[in-house]
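> Residues per chain are reported as follows:
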Amino acid sequence: MPYTISMTEADLIKGCLEQNRLAQKTLYERYKNAMYTVAYRVTGDYDLAEDVLQDAFIKVFRHLSGFRQESTLGAWIKTIVVRTALSKIKKEQYTASLDQLPPDTSISWSHRLDAEYLEKAILALPTGYRTVFVLIEVEGYGHQEVADLLGITVGTSKSQLFYAKKRLRETLGKPE
Amino acid sequence: MESMHEKNLKDALRHLPEHRAPEFIWDRIEQHLEQEGYLHQAIAELPTYTAPDAIWGRIEVQLGGGGKIRRLSSWGWSVAAGVAIVVTAALGLYQWNQTRGRVSYAYSEEKVAPINSPRDWDDAEADVQEVQTLFANFCKYQAQNEEDCALENELKELNAAKAELKDVMARYGEDPDLIRELSQLEQDRSRVVKAMVEKIQTS
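These protein sequence lines map, in sequence, to chains A and B.
In this text, residue positions in the first sequence follow this note's numbering: the first is 1, and each later residue adds one.
In this text, residue positions in the second sequence follow this note's numbering: the first is 1, and each later residue adds one.
Bound conformation, chain B alone:
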């Protein structure tokens, strides 16, 4: 029932009469457009003014003259602080070096007498020769086996090495390395001579 009423209403609305707009309304509109048109045309032609250049300078001052403001992050501050410390330390060291007294370096050369000089060794050479002769007699008459006489050959080899080394030093000078080598040879000869003496004494 209700839907029928609604349908009838819609049909009635569809058939409502159309009214004609009075002709004078356009005349009024046209009159208004003509009247206001002159005003709006003149308004559209109003001049534009140029802002003085100095204004931007004043704005920039108020915004802050530094341009873009960059904010350092926490690590940025750390780096900046580190750089500042290094630069400060470097400047401090430089200043300290500039202001402190001049340092003078004193040195002297000392000639150290060679330890176990060939002359000393030569002085002991007679004693070594005496022990060597005594040990030769020991080997000839008292030694029980060949091992007891091995020291004799060892001493002969050390003696030959010493003679060769002294020959080199005579030709090329007393090089520190040669001296150290000669010292080592003498220590070995002393050890062998000592062992010879002990053999002779214990026999």
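Chain A extracted, bound-state conformation:
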């Protein structure tokens, strides 16, 4: 069977489970850039992101039989990429807790933000802040999921996100 980029996810999974190299390559091609981007944003380093992508897809192909289709394949792969990326970066101390948060945690973004500057600001965040911000605001995970992934409490996840946004706001400044 010829594997093309337009093939259904089920066909690709079947081909990968049969150890068909073309199916594996097609699956990789379909997700590689999205997953490389996630890996880069979490690690903040191109070389580490390459290692993450490589290791993560090896895990994907070796453990694909364990994919229960409780989520989309993309979400399943992304979780593997995130876990692999987190294992590569330096363990950050998540000391800030919800108790330390001010009563008003809203951050005002009163002007249009430039995506390029935002990207630079995100990458300049401390690892702990960046990880939580990327996972929640960019990748769409919930606080409970992030808490589970990072081994922290939900309160810590919330506080990390608040301080990450505060730092970004300071970095990006006010509108000209």
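Hints were generated in silico from the structure; no laboratory data involved.
Any given hint could be a false lead.
Stated by the list, open to error - Far from chain A, by Cβ distances over 10 Å, these chain B residues were calculated:
no. : residue
1   : 41
2   : 159
3   : 203
Stated by the list, open to error - Coverage of chain A stretches by chain B, computed from C-beta distances (three or more under 8 Å per stretch; other residues unrestricted):
no. : stretch
4   : 17-28
5   : 45-55
6   : 114-121
7   : 126-134
Just so it is clear, CB atoms sit at the ideal spot from N, CA and C, and this is done for glycine as well.
Model the placement of chain B on the given structure of chain A, informed by the hints.
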């Protein structure tokens, strides 16, 4: 009684007053959407990075370079083993043929003297003729019935066949089949002559 209480409760719940949402709540929502909206809009526009092509090569190496791994079933292994044995044997025979000494085939032709050659037969012909004359006298003077003289006619037929066969051999050569046929004729003539002699002796 209980059902009446339940009905009254449901009626009371149905007539509970509806409270109006304060207007400022929407203002807060709108403010939040505006504040976060800029952030989320920028997040949606964040760049996507292209994975270097070399990564797939590294993945492929770790997966094993052979592509699809096919596992042979038990009969597949049997077939494979059989093929391997046949190929090995064929190669062994070929190698043996290449390395062993050259075989030379020696032969010679021997001319075998024909058994019962016509000349020998001709030498015995005088004896046969003598017996034939004696048997003719036996038939003429001593035979009791015609059956005793049947051998005379049989010998005459065999003699005629021999003469005809010798004529063919003179024209077409001494073919092995003709020689075998002549040999058989001589054996029959010998048998008849012997029987003639026995008849003469016992008379």
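> Which hint numbers does the structure go against, in order from smallest to largest?
Violated: hints 1, 7.
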